[in-house]
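From just these sequences and the hints, can you work out the full model?
Below, each chain spelled out in residue letters.
2 protein chains.
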Amino acid sequence: MDPDAVAKAFVEHYYRTFDSSRAALGGLYQDASMLTFEGDKIQGAAAIVAKLSSLPFQQCAHAIATVDCQPSGPSGGMLVFVSGSLQLVGEQHPLKFSQMFHLMPTPQGSFYVLNDIFRLNYA
Amino acid sequence: MDPDAVAKAFVEHYYRTFDSSRAALGGLYQDASMLTFEGDKIQGAAAIVAKLSSLPFQQCAHAIATVDCQPSGPSGGMLVFVSGSLQLVGEQHPLKFSQMFHLMPTPQGSFYVLNDIFRLNYA
Chain A
153 MDPDAVAKAF VEHYYRTFDS SRAALGGLYQ DASMLTFEGD KIQGAAAIVA
203 KLSSLPFQQC AHAIATVDCQ PSGPSGGMLV FVSGSLQLVG EQHPLKFSQM
253 FHLMPTPQGS FYVLNDIFRL NYA
Chain B
153 MDPDAVAKAF VEHYYRTFDS SRAALGGLYQ DASMLTFEGD KIQGAAAIVA
203 KLSSLPFQQC AHAIATVDCQ PSGPSGGMLV FVSGSLQLVG EQHPLKFSQM
253 FHLMPTPQGS FYVLNDIFRL NYA
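Keeping their order, the protein sequence lines are chains A and B.
Count the first sequence with my numbering and you get residues 153 to 275, in order.
Count the second sequence with my numbering and you get residues 153 to 275, in order.
Keep in mind the hints are simulated off the structure, nothing from the lab.
Every residue gets a Cβ at the ideal spot worked out from N, C-alpha and C, and that includes glycine.
Hints are supplied without guarantee of correctness; some may be wrong.
Unchecked claim - Facing chain B, a subset of chain A residues (Cβ under 8 Å, in silico):
#1 M186
#2 G191
#3 T218
#4 D220
#5 Q222
#6 S224
#7 S227
#8 L231
#9 F233
#10 S235
#11 Q239
#12 K248
#13 M252
#14 H254
#15 I269
Stated by the list, open to error - The list that follows gives simulated cross-link-like pairs (lysine-lysine, BS3-like), each with its CA atoms no further than 30 Å apart:
#16 A:K193 to A:K203
#17 A:K193 to B:K160
#18 B:K203 to A:K203
#19 A:K160 to B:K203
Put into structure tokens, the structure is as follows:
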């Protein structure tokens with residue numbers, strides 16, 4: 153399993169899901185999962201999905217610029233660091249963002265998101 | 153110990169050291185430490201310091217815009233996510249950057265950097 157390939161596949165899946173059916177992101181989080189979104193701290197899959205679903209835009213399209221990944225230690229986790237831009241419907245210019253995910257392995261051989269930190273990069 | 157206060161103190165210490173005596177950053181890394189700098193992957197404190205020391209500028213000044221942190225799991229680690237800007241001597245405009253650190257506790261009650269990912273945010 154090539155970690156870079158796993159990271160890239162995760163990131164593509166994450167933003168494709170975000171842009172098409174945000175509520176479906178719940179399956180990627182668990183009760184211990186944490187999201188810090190523009191400084192707001194949220195814990196647990198249900199609360200995270202509620203937060204993401206409540207963002208004040210309906211349609212958006214993420215474009216990924218870079219994906220970096222590193223193993224996070226002996227627990228088999230993986231850190232994924234993304235930069236990109238976010239185009240909202242009705243906005244002329246895309247917003248640049250950075251986001252990091254800490255992916256942890258599940259017993260089923262998949263990953264869930266334990267940590268998620270998102271920031272817009274204001275120009 | 154307030155994690156946000158620890159993260160903020162670490163970040164201030166890190167960039168103050170970077171901007172004054174980059175070689176002294178070696179004390180914050182260990183052999184297992186990883187740095188991904190603009191896509192380049194480096195492992196180990198000595199190689200990381202060599203990389204940081206070889207960057208093609210002598211003087212710089214980091215300005216921190218945001219610091220977010222989360223616990224990274226049962227190992228007592230902490231994820232620190234930073235956005236800010238980097239002013240190089242002789243350059244008119246600062247460069248925006250994002251960086252994440254995964255801090256792990258040491259037996260002495262301090263932290264070292266296990267993971268470090270840095271990206272410039274091109275406008």
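List of violated hint numbers, smallest to largest: When the structure is compared with the hints, numbers 11 and 18 turn out to be violated.
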